[in-house]
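So the chains spell out like this:
2 protein chains.
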Amino acid sequence: MGKIVQCVPNFSEGRRIEVIEEIAGAIKGVPGVKLLDYSYDKSHNRSVMTFIGDPQSVLESAFQGAKTAASLIDMSKHQGEHPRMGATDVIPFIPVARVTMEDCIKLAQALGRRLADELSIPVYLYEEAARKPERKNLSSVRRGQYEGLLTAIREPERKPDFGPAEVNPRAGVTAVGARPPLIAYNINLDTGDVSIAQKIARAIRGSGGGFPTIKALGISIEETGKAQVTINVCDYRQVPLHRVFELVKREAARYGVAVIESEIIGLTPLDALADAAEFYLQLAGFDRNQILEKRLLE
Amino acid sequence: MGKIVQCVPNFSEGRRIEVIEEIAGAIKGVPGVKLLDYSYDKSHNRSVMTFIGDPQSVLESAFQGAKTAASLIDMSKHQGEHPRMGATDVIPFIPVARVTMEDCIKLAQALGRRLADELSIPVYLYEEAARKPERKNLSSVRRGQYEGLLTAIREPERKPDFGPAEVNPRAGVTAVGARPPLIAYNINLDTGDVSIAQKIARAIRGSGGGFPTIKALGISIEETGKAQVTINVCDYRQVPLHRVFELVKREAARYGVAVIESEIIGLTPLDALADAAEFYLQLAGFDRNQILEKRLLE
Numbered sequence: 000m001g002k003i004v005q006c007v008p009n010f011s012e013g014r015r016i017e018v019i020e021e022i023a024g025a026i027k028g029v030p031g032v033k034l035l036d037y038s039y040d041k042s043h044n045r046s047v048m049t050f051i052g053d054p055q056s057v058l059e060s061a062f063q064g065a066k067t068a069a070s071l072i073d074m075s076k077h078q079g080e081h082p083r084m085g086a087t088d089v090i091p092f093i094p095v096a097r098v099t100m101e102d103c104i105k106l107a108q109a110l111g112r113r114l115a116d117e118l119s120i121p122v123y124l125y126e127e128a129a130r131k132p133e134r135k136n137l138s139s140v141r142r143g144q145y146e147g148l149l150t151a152i153r154e155p156e157r158k159p160d161f162g163p164a165e166v167n168p169r170a171g172v173t174a175v176g177a178r179p180p181l182i183a184y185n186i187n188l189d190t191g192d193v194s195i196a197q198k199i200a201r202a203i204r205g206s207g208g209g210f211p212t213i214k215a216l217g218i219s220i221e222e223t224g225k226a227q228v229t230i231n232v233c234d235y236r237q238v239p240l241h242r243v244f245e246l247v248k249r250e251a252a253r254y255g256v257a258v259i260e261s262e263i264i265g266l267t268p269l270d271a272l273a274d275a276a277e278f279y280l281q282l283a284g285f286d287r288n289q290i291l292e293k294r295l296l297e
Numbered sequence: 000m001g002k003i004v005q006c007v008p009n010f011s012e013g014r015r016i017e018v019i020e021e022i023a024g025a026i027k028g029v030p031g032v033k034l035l036d037y038s039y040d041k042s043h044n045r046s047v048m049t050f051i052g053d054p055q056s057v058l059e060s061a062f063q064g065a066k067t068a069a070s071l072i073d074m075s076k077h078q079g080e081h082p083r084m085g086a087t088d089v090i091p092f093i094p095v096a097r098v099t100m101e102d103c104i105k106l107a108q109a110l111g112r113r114l115a116d117e118l119s120i121p122v123y124l125y126e127e128a129a130r131k132p133e134r135k136n137l138s139s140v141r142r143g144q145y146e147g148l149l150t151a152i153r154e155p156e157r158k159p160d161f162g163p164a165e166v167n168p169r170a171g172v173t174a175v176g177a178r179p180p181l182i183a184y185n186i187n188l189d190t191g192d193v194s195i196a197q198k199i200a201r202a203i204r205g206s207g208g209g210f211p212t213i214k215a216l217g218i219s220i221e222e223t224g225k226a227q228v229t230i231n232v233c234d235y236r237q238v239p240l241h242r243v244f245e246l247v248k249r250e251a252a253r254y255g256v257a258v259i260e261s262e263i264i265g266l267t268p269l270d271a272l273a274d275a276a277e278f279y280l281q282l283a284g285f286d287r288n289q290i291l292e293k294r295l296l297e
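Quick mapping for you: the protein sequence lines, in order, are chains A and B. All the letters of the first sequence, read from the start, carry residue numbers 0 to 297 under numbering that gives the first Met the number 0. All the letters of the second sequence, read from the start, carry residue numbers 0 to 297 under numbering that gives the first Met the number 0.
Hints were generated in silico from the structure; no laboratory data involved. None of these values were measured; they are calculated from a predicted model. There is no bait here: all hints are sound.
One copy or any two copies: either way a pair holds, since identical chains are not told apart in the list.
Under the rule of at most 30 Å between Cα atoms (straight-line distance), these lysine-lysine pairs were calculated in the DSS-like manner:
hint, residue 1, residue 2
1, K105, K33
2, K214, K131
3, K105, K66
4, K158, K135
5, K27, K2
6, K2, K293
7, K2, K33
8, K105, K293
9, K66, K135
10, K27, K293
11, K198, K248
12, K41, K27
13, K105, K214
14, K214, K135
15, K33, K66
16, K33, K293
17, K66, K41
18, K105, K27
19, K105, K135
20, K225, K248
21, K105, K131
Let's have the full structure, built from the sequences with the hints guiding it.
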């Protein structure tokens with residue numbers, strides 16, 4: 000197998016199952032693409048689909064998903080807790096194997112062009128694909144949401160990267176981007192004191208002066224009554240799982256608190272685990288092609 | 000991708016490159032098989048080939064390799080430092096993905112039957128495929144080597160599992176078996192005192208009262224002047240890399256010696272690395288299907 004790109008579009012539909020399934024069907028219908036997972040949330044009124052394949056198939060599949068969403072979702076009637084601005088709200092491309100970030104940025108540009116030209120949807124490029132620094136951050140791209148953008152889109156600094164400076168009344172606006180794989184990673188502490196988890200979260204996250212690629216919160220887990228540091232590892236090549244784990248363990252020890260366990264939620268690239276094994280086993284000169292299964296993907 | 004079996008036959012030829020390449024060519028010539036690696040050693044006069052594929056293709060490929068070796072290698076003239084008894088000396092089948100040890104034992108039986116019937120080569124089943132306890136161990140199967148077996152093969156307890164109780168004068172005798180993946184794993188110590196490495200090796204290996212699936216020696220590395228514990232991890236599901244590493248580190252500390260690094264030589268299954276990551280990150284509830292690349296092998 001050759002180049003592999005992952006794509007994780009978010010759609011503004013989390014209630015009408017038949018709509019979600021029609022979008023999933025459009026994505027799966029493209030040969031060369033494998034839909035790994037989809038989930039939806041009623042209160043957010045939003046669904047997330049995860050698929051992989053070769054770059055051209057993934058591009059086509061993302062377009063087909065967005066086209067189907069545009070025909071079935073009417074943003075002028077949409078309500079939900081999660082911020083949103085389009086029927087297809089965001090489409091990130093993620094390099095997985097034998098693909099660079101640059102390749103994924105080009106996919107984002109090509110898809111943005113098609114959404115604008117063929118479906119009249121205004122498109123903002125975000126994260127690694129952003130052409131303006133302030134568009135790196137999705138929340139500033141989405142500021143005002145669908146309703147606010149109806150007028151704000153006409154401001155010069157909000158001009159879309161592709162398509163008209165006019166919200167598509169039904170399909171809204173879509174953000175298309177490129178980013179590294181995100182790993183959802185939780186660390187469970189042996190304490191019921193959520194303030195300790197909050198202090199640790201603050202110490203490691205970018206917004207607290209910690210690692211720029213780490214987002215973290217301290218929360219309480221109802222089932223166990225224990226505190227948890229819930230983390231987004233946004234670029235495991237910058238800050239790997241083992242560095243996060245060791246740092247949280249060390250910070251917890253300062254309060255006399257032990258780490259019970261950690262959890263990876265959803266998918267992780269193989270390399271993130273291999274990085275941890277290399278670190279802890281002090282592996283020297285290890286080539287990832289020594290992994291038997293990697294040879295089968297060639 | 001579906002079922003995957005690995006096969007690592009050893010051939011009694013390490014000097015005539017053209018013979019080695021002809022055997023490699025016979026193995027590669029079977030569709031569905033990927034030859035990952037081959038190496039040879041002049042003083043051992045022996046070569047090792049590593050290939051993978053679906054079970055039936057791997058079986059056919061192993062047969063074609065053995066057939067070619069039987070036509071090009073004359074054991075009555077063979078000399079070399081490594082113990083040996085056949086042109087194709089040993090053929091182990093190794094489960095890699097979606098294949099059980101039982102499947103590999105059946106492959107060994109089917110190949111043994113063919114080598115006996117079509118090439119008149121006596122075959123012993125060894126390791127997990129052994130039908131007698133004393134044949135689990137390859138060195139007792141090979142006791143006496145080619146020259147000794149010329150007469151010893153007629154003893155009732157040495158009767159082959161397949162084929163005549165008579166050594167094939169040119170092709171000799173072949174051992175066919177099934178075993179877990181073997182990981183060649185070295186740990187380098189920050190000392191020039193080889194006796195420390197030897198004491199640690201004795202403490203961890205089965206023959207010293209340690210783990211039955213661990214073989215280990217203490218040696219000195221000429222380039223660095225440092226001591227090394229060189230290890231065969233014969234069944235990483237029984238005794239994983241991290242347990243070996245942590246134990247060696249602890250035993251070394253008793254002599255005030257630090258571990259510099261470890262090395263995996265050659266191939267390793269992905270699961271052996273994932274096991275280490277799970278252990279050190281204290282990962283709870285991790286399913287290997289959360290590894291993105293695993294989903295591509297389905």
